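Novice: With chain A's structure known, arrange chain B on it following the hints.
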Amino acid sequence: MRNLLILTRRELAASFSSFGYYALLGAVAAISGFFFFQALEQGGGDLRWALVGSSGFIFWLALILAPLLTMRLFAEERKSGSLELLMTAPVDDWEVVLAKYLGALVVFTTFFAPFWLAHLVLALFFDGPVDWGQLSATTLGFSTVALIQLAIGLMASALVSQQLWAALFAFLGNMALYSLGLLRLLCEEGSRTWNLLGYVDIGRHVQTGVAGLVDLRQVLLQVSVTLLLLFWTVRIVEVRKWR
Amino acid sequence: MAMTDDRGRREAMDRRVRSRIATNVLLVSLLAIVVTIFVNYGAWEWSRDHDVRFDLTRNQTLSLAPATRGFVRSIEDPIEIYLVHGIDEAIRERARKNLNDTGFDSGILQNVYLPFLDQLAADVGAMVAEVLELNQHLVYRSASNDREREEPISWQRRLDLPPSKFLNHVVFYNLRTKTKKAIPLDRFFDLDLGGPDPTLGFRRPLVRGDLIEPNLLQGLRAVVAAERKKTYVVGGHDERALNTAVTFLGLDRFELAPLEAQGDRLVIPDDADLLLVFSPGRAWPEQDLRVLEDWILAGGRALITQGEDCAEPFATLLERGGAAMENRQVGHEVLHSRQGGLYRLYGSDLLRPAHGIPHPATAPTVAEGLPIYLGFSRPYHLTKDYEKDRVRRDVLVRSTPGGVAMPWIFDGRDWRQAPERGTELGDFPLALAFDFRRGDGERHGKLAVFGSDEWLATPRLNQRAEIANLDVLANVAYWLTDSEQMITGTPRSFRGAKVILSDGRDRVFQAIVMGVVPGLILLGGLLVHLMRRR
Numbered sequence: 003m004r005n006l007l008i009l010t011r012r013e014l015a016a017s018f019s020s021f022g023y024y025a026l027l028g029a030v031a032a033i034s035g036f037f038f039f040q041a042l043e044q045g046g047g048d049l050r051w052a053l054v055g056s057s058g059f060i061f062w063l064a065l066i067l068a069p070l071l072t073m074r075l076f077a078e079e080r081k082s083g084s085l086e087l088l089m090t091a092p093v094d095d096w097e098v099v100l101a102k103y104l105g106a107l108v109v110f111t112t113f114f115a116p117f118w119l120a121h122l123v124l125a126l127f128f129d130g131p132v133d134w135g136q137l138s139a140t141t142l143g144f145s146t147v148a149l150i151q152l153a154i155g156l157m158a159s160a161l162v163s164q165q166l167w168a169a170l171f172a173f174l175g176n177m178a179l180y181s182l183g184l185l186r187l188l189c190e191e192g193s194r195t196w197n198l199l200g201y202v203d204i205g206r207h208v209q210t211g212v213a214g215l216v217d218l219r220q221v222l223l224q225v226s227v228t229l230l231l232l233f234w235t236v237r238i239v240e241v242r243k244w245r
Numbered sequence: 008m009a010m011t012d013d014r015g016r017r018e019a020m021d022r023r024v025r026s027r028i029a030t031n032v033l034l035v036s037l038l039a040i041v042v043t044i045f046v047n048y049g050a051w052e053w054s055r056d057h058d059v060r061f062d063l064t065r066n067q068t069l070s071l072a073p074a075t076r077g078f079v080r081s082i083e084d085p086i087e088i089y090l091v092h093g094i095d096e097a098i099r100e101r102a103r104k105n106l107n108d109t110g111f112d113s114g115i116l117q118n119v120y121l122p123f124l125d126q127l128a129a130d131v132g133a134m135v136a137e138v139l140e141l142n143q144h145l146v147y148r149s150a151s152n153d154r155e156r157e158e159p160i161s162w163q164r165r166l167d168l169p170p171s172k173f174l175n176h177v178v179f180y181n182l183r184t185k186t187k188k189a190i191p192l193d194r195f196f197d198l199d200l201g202g203p204d205p206t207l208g209f210r211r212p213l214v215r216g217d218l219i220e221p222n223l224l225q226g227l228r229a230v231v232a233a234e235r236k237k238t239y240v241v242g243g244h245d246e247r248a249l250n251t252a253v254t255f256l257g258l259d260r261f262e263l264a265p266l267e268a269q270g271d272r273l274v275i276p277d278d279a280d281l282l283l284v285f286s287p288g289r290a291w292p293e294q295d296l297r298v299l300e301d302w303i304l305a306g307g308r309a310l311i312t313q314g315e316d317c318a319e320p321f322a323t324l325l326e327r328g329g330a331a332m333e334n335r336q337v338g339h340e341v342l343h344s345r346q347g348g349l350y351r352l353y354g355s356d357l358l359r360p361a362h363g364i365p366h367p368a369t370a371p372t373v374a375e376g377l378p379i380y381l382g383f384s385r386p387y388h389l390t391k392d393y394e395k396d397r398v399r400r401d402v403l404v405r406s407t408p409g410g411v412a413m414p415w416i417f418d419g420r421d422w423r424q425a426p427e428r429g430t431e432l433g434d435f436p437l438a439l440a441f442d443f444r445r446g447d448g449e450r451h452g453k454l455a456v457f458g459s460d461e462w463l464a465t466p467r468l469n470q471r472a473e474i475a476n477l478d479v480l481a482n483v484a485y486w487l488t489d490s491e492q493m494i495t496g497t498p499r500s501f502r503g504a505k506v507i508l509s510d511g512r513d514r515v516f517q518a519i520v521m522g523v524v525p526g527l528i529l530l531g532g533l534l535v536h537l538m539r540r541r
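Line by line, the protein sequences are chains A and B.
First residue of the first sequence? That's 3 in our numbering, and the numbers climb one at a time after it.
First residue of the second sequence? That's 8 in our numbering, and the numbers climb one at a time after it.
Hints are computed from structural coordinates only; laboratory data are not their basis.
The structure displayed is predicted, hence computed values, not measured ones.
Hints should not be assumed to be uniformly reliable.
Mimicking SDA-like on lysine to any residue, the simulated pairs with C-alpha atoms at most 20 Å apart in a straight line are [as the list claims (entries may be wrong)]:
id, chain 1, residue 1, chain 2, residue 2
1, A, Lys243, B, Arg22
2, A, Lys243, B, Ala29
3, B, Lys185, B, Thr251
4, B, Lys185, B, Arg27
5, B, Lys185, B, Arg148
6, A, Lys243, B, Asp21
7, B, Lys188, B, Asp153
8, A, Lys243, A, Thr90
9, A, Lys243, B, Ser149
10, B, Lys187, A, Glu191
11, B, Lys237, B, Arg450
12, B, Lys172, B, Ser149
13, A, Lys81, A, Arg12
14, A, Lys243, B, Ser26
15, B, Lys187, B, His144
16, A, Lys243, A, Phe233
17, B, Lys188, B, Arg228
18, B, Lys237, B, Thr251
19, A, Lys243, B, Asn31
20, B, Lys172, B, Arg148
21, B, Lys188, B, Ala248
22, A, Lys81, A, Ala91
23, B, Lys188, B, Arg164
24, A, Lys243, B, Leu33
25, A, Lys243, B, Arg27
26, B, Lys185, B, Ala229
27, A, Lys243, A, Leu85
28, A, Lys243, B, Gly446
29, B, Lys188, B, Asp84
30, A, Lys243, B, Thr251
31, B, Lys237, B, Pro170
32, B, Lys185, A, Glu191
33, A, Lys243, B, His388
34, B, Lys237, B, Thr488
35, A, Lys243, B, Thr30
36, B, Lys172, B, Lys237
37, B, Lys172, B, His144
38, B, Lys391, B, Met332
Okay, chain A solo, but in the shape it has when bound (with noise of 0.2 Å):
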């Protein structure tokens, strides 16, 4: 647990001692604030509503994200060398991936914190009713769905040693996620099958924690096929350690 302390800590100073960082969590607020305030208009002031408008945007900004924050995370240091240095270090395997993915992972959930700090701003300034349970719900549904956004973006950088390549193959995947709730077109609508794909549809999972819900079982998915995608990126830095 300390080697895992220590490497998810080594993850998180690299980001977030980079200006590259700053620079991509600055122009983020600047767009969010944007389509932010667009729907708040839009909608007439109803916060609600402008969350729900802007949720679009997030939608995106998770599909780009994702594959932007993961793709150096073995490719790079497999072509800077670190990565046979750090794969010799005592330390495991599963270590390293957790790390590596939890670093990601922590990184990603500060790109919510203009829409927290926007929030905040019409709260503290503007007396706006702020519902902060639907605010915790959708950030608490991006966020799950991130998990597996980042895992794929995760093996993908594994499993190849270009950047642009990882890159490429983890939004590929994570398109490949959200087209799943397409499959349902090709269903009898209301069949059982219709009902399981939709069960297992990322887009409604997005769309309930906009909503303000949180579903127990969208999460129990998320975490289980998570896990699943850890455990084979795993294995794919084991497998190519002994190659």
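Specialist: Then chain B, alone, in the frame of chain A:
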């Protein structure tokens, strides 16, 4: 040669070890996949009978009432719910002619109609999603008529409905019985169609309240096969016509029919499940009173209102429950004058349970703290002199201690002069429920009396009314007809959370979220960068 053999053996061994590891990894991976699928499938199956969704919204916006959940789970028929929203040409044409009005088809509304409709449709969709979670026999289809053309057309053909009953309607369709029910989308909300919007600086439609759950319930009930309760509206004694209330019950599980006294004598049909008596304008003949009383004591059910113009006190019937209608009215010392002479009662303050146990007919409304609009109401005088072992008496509605009872029917004079004329302050029972018990296994008689009929008047029940009035009416009718399982307290007060960004405040907020916050983040990044270089 020996070295080559040795290397070959090692390579063969390596291959064997590698293939064993690969097989091992493959098997473990397969096992992990199976476990993941098994766990999730088990959770999915388990969740069909258990609640696994938690509503974190401040007003529990998407939480369905327990009674609603029970009803939806009990539906066995396959039901499709359709919602196609958008502007149709007929509405657009009417809007051109009607530019400054504030009706549903007005020009003002049309200016912002589409985004507004999108919001309404999304709100309905969110609640339908909760309903669908409870029952897999239900299917929801929704589309915007202005963006998707093919599906709405095919749905309309399938349902065989005219555009006027399809577009901007929520349509419920029972696939087994082929029954349909279309409810206009605007009924799902308490709307102010031309309300001022300080944020935008022009008038736009506003949602003041949410009636989605009761309307969804009403639609589902209408298409689900169920026994309809035969309900007679008694006439012949100048009873008040409360058409909207009657229509509302007719849309629910009540089959309405008029019942006039025949040959000066009231004859209650054998199939009557419920009688509605709305404020008779003249006193009932003795024999009709006896017929009604005998019928109720023999297990009949009745809802009686006794408003301002009611000339019949039903004295002997009420006396059996130790109650008497008083010939005075209760108002509120502050509120009534502001409300145009009407008494606005707030559920949280006024719908108090009689003995600390909420009455089933009003308990949900009390729990929700919803306002109902009663109008001036006659109070009831209660005595302890009645057969308590044979009659259960409950107060359905009680005024606050701030209620003012005036010794006359409101005559338009200044109510503040009342103290000199015998005004009494206090909390007064304004509606009562009686349960006349009979022998074991025999059907009880039930009676609900309200000292007001204004709460059932059309202006109180239409879409701009206090949202709990319909709820109280339906719940009292359910209680009277032994359909307590249908009782819900579902209307919600305003579900939106608005922030007013007028007078340049919007620009300040815009500057903060788009300039100050990103700027501070970049500045922080720059500082970190400089510190690292040092």
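Novice: All hints, please: hold or fail.
Specialist: Hints versus structure:
For the proposed pair Lys243/A and Arg22/B, the alpha carbon gap of about 16 Å is at most 20 Å, so the pair holds. A C-alpha spacing of about 14 Å is found between Lys243/A and Ala29/B, which places the hinted pair at or below 20 Å, so the restraint holds. As the CA atoms of Lys185/B and Thr251/B are separated by approximately 27 Å, the hinted pair breaks the 20 Å bound. With a CA separation close to 61 Å, the supplied pair Lys185/B and Arg27/B exceeds the 20 Å bound.
Using a Cα cut-off of 20 Å, the hinted pair Lys185/B and Arg148/B holds, with the two alpha carbons roughly 17 Å apart. Straight-line distance between C-alpha atoms of Lys243/A and Asp21/B comes to about 15 Å, which keeps the hinted pair within the 20 Å bound. Under the criterion of a C-alpha separation no larger than 20 Å, the hint pairing Lys188/B with Asp153/B is inconsistent with the structure, at around 23 Å. Using a Cα cut-off of 20 Å, the hinted pair Lys243/A and Thr90/A holds, with the two alpha carbons roughly 10 Å apart.
As the CA atoms of Lys243/A and Ser149/B are separated by approximately 52 Å, the hinted pair breaks the 20 Å bound. Straight-line distance between C-alpha atoms of Lys187/B and Glu191/A comes to about 19 Å, which keeps the hinted pair within the 20 Å bound. For the hint linking Lys237/B to Arg450/B, the alpha-carbon distance of about 16 Å falls within 20 Å, and the restraint holds. Restraint check: the Cα-Cα separation between Lys172/B and Ser149/B comes to about 15 Å, which is no more than 20 Å; the hinted pair holds.
For the proposed pair Lys81/A and Arg12/A, the alpha carbon gap of about 18 Å is at most 20 Å, so the pair holds. Between the alpha carbons of Lys243/A and Ser26/B the distance comes to roughly 16 Å, so the proposed pair stays at or under 20 Å and holds. With a CA separation close to 16 Å, the supplied pair Lys187/B and His144/B stays within the 20 Å bound. As the CA atoms of Lys243/A and Phe233/A are separated by approximately 15 Å, the hinted pair is consistent with the 20 Å bound.
Taken as a hint, the Lys188/B and Arg228/B pair is honoured in the structure, with Cα atoms around 10 Å apart against an allowance of 20 Å. The hinted pair formed by Lys237/B and Thr251/B meets the criterion: a straight-line CA distance of about 18 Å does not exceed 20 Å. Under the criterion of a C-alpha separation no larger than 20 Å, the hint pairing Lys243/A with Asn31/B is consistent with the structure, at around 17 Å. Only pairs whose Cα atoms come within 20 Å are accepted, and Lys172/B paired with Arg148/B is accepted, the gap being roughly 16 Å.
Distance check on the hinted pair: Lys188/B and Ala248/B sit about 26 Å apart at the alpha-carbon level, beyond 20 Å; violated. A hinted pair counts as satisfied when its Cα atoms are at most 20 Å apart, and Lys81/A with Ala91/A qualifies at roughly 18 Å. Our distance criterion of 20 Å between C-alpha atoms is met by Lys188/B and Arg164/B, whose separation comes to about 15 Å. A threshold of 20 Å between alpha carbons decides the hint, and for Lys243/A with Leu33/B the separation of about 17 Å falls inside it, so the pair holds.
The hinted pair formed by Lys243/A and Arg27/B meets the criterion: a straight-line CA distance of about 16 Å does not exceed 20 Å. Taken as a hint, the Lys185/B and Ala229/B pair is honoured in the structure, with Cα atoms around 12 Å apart against an allowance of 20 Å. A distance of roughly 10 Å separates the Cα atoms of Lys243/A and Leu85/A; the hinted pair therefore holds under the 20 Å criterion. For the given pair, Lys243/A sits about 85 Å from Gly446/B by alpha-carbon distance, which is inconsistent with the 20 Å threshold.
A C-alpha spacing of about 15 Å is found between Lys188/B and Asp84/B, which places the hinted pair at or below 20 Å, so the restraint holds. Proposed proximity of Lys243/A and Thr251/B is contradicted: the alpha carbons are some 78 Å apart, above 20 Å. The suggested pairing of Lys237/B with Pro170/B is violated, with an alpha-carbon distance near 32 Å, which exceeds 20 Å. The suggested pairing of Lys185/B with Glu191/A holds, with an alpha-carbon distance near 17 Å, which does not exceed 20 Å.
Under the criterion of a C-alpha separation no larger than 20 Å, the hint pairing Lys243/A with His388/B is inconsistent with the structure, at around 90 Å. At most 20 Å may separate the alpha-carbon atoms for a hinted pair to count; Lys237/B and Thr488/B meet this at roughly 10 Å. The hinted pair formed by Lys243/A and Thr30/B meets the criterion: a straight-line CA distance of about 17 Å does not exceed 20 Å. A hinted pair counts as satisfied when its Cα atoms are at most 20 Å apart, and Lys172/B with Lys237/B does not qualify at roughly 27 Å.
At most 20 Å may separate the alpha-carbon atoms for a hinted pair to count; Lys172/B and His144/B exceed this at roughly 24 Å. Between Lys391/B and Met332/B the CA atoms are separated by roughly 15 Å; this keeps the pair inside 20 Å, and the hint holds.
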